[in-house]
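**Student:** Chain by chain, the residues:
Protein chains: 2
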Amino acid sequence: MKKIYIIGLGLIGGSFARDLRRHMPKTRLFGIDTSEQHLQEALALVLVDEVATVGDLSDADMVVLAVPVDTAVQILPTVLDNIDDNTIVVDMGSTKQAICEAVVSHPKRRNFLACHPIAGTEFSGPNAAIDQLFKGKTNIVCEVEKTAPKLQETVLNLFKEMGMRIRYMDPISHDKHIAYVSHLSHISAFMLGKTVIEKEKNERDIFDMAGSGFASTVRLAKSNPVTWTSIFKQNKTNVLETLEEYISNLTHFKTLLEAENYQGIHDEMKNTNHIKEILNGIN
Amino acid sequence: MKKIYIIGLGLIGGSFARDLRRHMPKTRLFGIDTSEQHLQEALALVLVDEVATVGDLSDADMVVLAVPVDTAVQILPTVLDNIDDNTIVVDMGSTKQAICEAVVSHPKRRNFLACHPIAGTEFSGPNAAIDQLFKGKTNIVCEVEKTAPKLQETVLNLFKEMGMRIRYMDPISHDKHIAYVSHLSHISAFMLGKTVIEKEKNERDIFDMAGSGFASTVRLAKSNPVTWTSIFKQNKTNVLETLEEYISNLTHFKTLLEAENYQGIHDEMKNTNHIKEILNGIN
Chain A
1 MKKIYIIGLG
11 LIGGSFARDL
21 RRHMPKTRLF
31 GIDTSEQHLQ
41 EALALVLVDE
51 VATVGDLSDA
61 DMVVLAVPVD
71 TAVQILPTVL
81 DNIDDNTIVV
91 DMGSTKQAIC
101 EAVVSHPKRR
111 NFLACHPIAG
121 TEFSGPNAAI
131 DQLFKGKTNI
141 VCEVEKTAPK
151 LQETVLNLFK
161 EMGMRIRYMD
171 PISHDKHIAY
181 VSHLSHISAF
191 MLGKTVIEKE
201 KNERDIFDMA
211 GSGFASTVRL
221 AKSNPVTWTS
231 IFKQNKTNVL
241 ETLEEYISNL
251 THFKTLLEAE
261 NYQGIHDEMK
271 NTNHIKEILN
281 GIN
Chain B
284 MKKIYIIGLG
294 LIGGSFARDL
304 RRHMPKTRLF
314 GIDTSEQHLQ
324 EALALVLVDE
334 VATVGDLSDA
344 DMVVLAVPVD
354 TAVQILPTVL
364 DNIDDNTIVV
374 DMGSTKQAIC
384 EAVVSHPKRR
394 NFLACHPIAG
404 TEFSGPNAAI
414 DQLFKGKTNI
424 VCEVEKTAPK
434 LQETVLNLFK
444 EMGMRIRYMD
454 PISHDKHIAY
464 VSHLSHISAF
474 MLGKTVIEKE
484 KNERDIFDMA
494 GSGFASTVRL
504 AKSNPVTWTS
514 IFKQNKTNVL
524 ETLEEYISNL
534 THFKTLLEAE
544 NYQGIHDEMK
554 NTNHIKEILN
564 GIN
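Going down the list, the protein sequences come from chains A and B.
According to my numbering, the stretch in the first sequence is residues 1 to 283, in order.
According to my numbering, the stretch in the second sequence is residues 284 to 566, in order.
Just so you know, the hints here were simulated from the structure itself, not pulled from any lab data.
All values derive from a computational prediction rather than experimental measurement.
Every residue, glycine too, gets a C-beta built ideally from N, C-alpha and C.
One or more hints might be untrue.
[Stated by the list, open to error] If you want the footprint, here are the derived chain B segments under chain A, 3+ residues with CB under 8 Å:
no.	segment
1	360 to 366
2	416 to 428
3	466 to 478
4	491 to 502
5	537 to 548
[As the list claims (entries may be wrong)] To give an idea of the chain B side of the interface with chain A (calculated C-beta under 10 Å), a few residues:
no.	residue
6	405
7	441
8	553
9	554
10	559
11	561
[Unchecked claim] Restraint ranges, calculated between C-beta atoms of paired labels, are given here:
no.	chain 1	residue 1	chain 2	residue 2	range
12	B	451	A	40	48 to 56 Å
13	B	414	A	101	50 to 58 Å
14	B	554	A	36	21 to 29 Å
15	A	167	B	333	51 to 59 Å
16	A	271	B	354	17 to 25 Å
17	B	354	A	136	37 to 45 Å
18	A	132	B	284	43 to 51 Å
19	A	259	B	535	20 to 28 Å
Starting from the given sequences, assemble the full structure and let the hints guide the process.
**Tutor:** Here it is, written out as structure tokens:
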């Protein structure tokens, strides 16, 4: 591939650019972003070689869409309108149903591969981009059968070279399950952070008392609000379901504590302890 | 100090023993535990030199109480009954009000220093003990004025040699604040783990989709149920208050999402983002 365009030069797009530099040193990288500051940072970091616009995509071999998920849904049809027959377009979004629906009847549907690399940190912007972010991570690919075999092959090989494991899933199942194992964690962390900040705002030294356990549990509350608002918007129904169940479990725990049912509290925790084995497989 | 007795040879007691080996290589260490298995493990790991009982404490220079907090409250009076006038007894418990009240009128109150080193991991037992667990950690000391100055001086110097920062606080404030910055995090993690496990129990491969964010948020759900039941029991009132506020914040978030108030959701997250600066001070 001679020319790759990256739309969205944040943590994900920027980290993908870093890996492209490693695996495709001869490829020319073009950056598209609505933020002039991000474009300048990306150039300064040499994440990309040139700034471009969506109108330039006709000579792209590959286009990587790494913008907030609601923006991705809006611009993907236009991106497909602008590419050549042999261009492959991949997205990196945390929701998959809406984006697949947005292009279901597009004449260039076969040029698009819907992806979700389960990779990220709590930081954002071009400066947050890191090398080998995707190494050892799972990349969930949806509706692979709708992408032209030759085009998908090239990009799946690239993902594997970057160290990703590929899994295939339909977009509806993806959005349902990711709500539990990713989206709910973010709400849990944000609201934990809020609860503690609200309570302790007049007592500046209290965070001296916080240890590594609090830091770990609340870490995701550092995440980008724009990115996450758009994820919750697109996955509203599933996220609401997880949130209802989470609140219900917390309320049950509270009821046990009010009733001083300490055996019940012990058993709740004991039964959840086998998360140990589940987590052993996660980096 | 020639002889130090450690009651409770789990993560905290065992890690303290490891640090004592480093800083006081000539001191003989005695272990007391209700678990025969833990005693044998502690001997095999050379955490302690000998097994002992509470009846042996009369020749102790120092006694370290590192058992679940409800056990600590029960046995501390007996421990004090059995020691010499020059023995210092310290506890390591995550709650401080009940233990201070339990010995408020004890004739040997001056021999006790109420401590809470904010240190730990999600693991437990003698095998979980690690070197330098306490290095760089905060140790909250309560009612320091009730401990004989000469006795407290020795042990506070030891804590400083182990790398701990000492902070002084009254037990009521300690229990109130620690509920927010530690106890609530554990409930949040346990119930997140429960919610996801319940939903995904029939779908074995779903945890392939979980990334480092989920792992971080749910990490504390690996913690010991016995330890934590006793903490929630002793700090019931404060924990219930934090839990009510947490549930209320989650419910508010859910209401915003149901109403599709995405600006409101964005602002909730944006306002919590400054947890970044707060966490910068935490290891």
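**Student:** With reference to the structure, classify each hint as holding or not holding.
**Tutor:** Now for the hints, and whether the structure bears them out:
no. : hint                        : result
1   : 360 to 366                  : violated (count 0)
2   : 416 to 428                  : holds (count 3)
3   : 466 to 478                  : holds (count 12)
4   : 491 to 502                  : holds (count 12)
5   : 537 to 548                  : holds (count 6)
6   : 405                         : holds, 8 Å
7   : 441                         : violated, 20 Å
8   : 553                         : holds, 5 Å
9   : 554                         : holds, 7 Å
10  : 559                         : holds, 5 Å
11  : 561                         : holds, 5 Å
12  : B:451 <-> A:40: 48 to 56 Å  : holds, 50 Å
13  : B:414 <-> A:101: 50 to 58 Å : holds, 55 Å
14  : B:554 <-> A:36: 21 to 29 Å  : holds, 26 Å
15  : A:167 <-> B:333: 51 to 59 Å : holds, 54 Å
16  : A:271 <-> B:354: 17 to 25 Å : holds, 23 Å
17  : B:354 <-> A:136: 37 to 45 Å : holds, 42 Å
18  : A:132 <-> B:284: 43 to 51 Å : holds, 49 Å
19  : A:259 <-> B:535: 20 to 28 Å : holds, 26 Å
Checked against the numbered hints above, the structure violates hints 1, 7; every other hint is satisfied.
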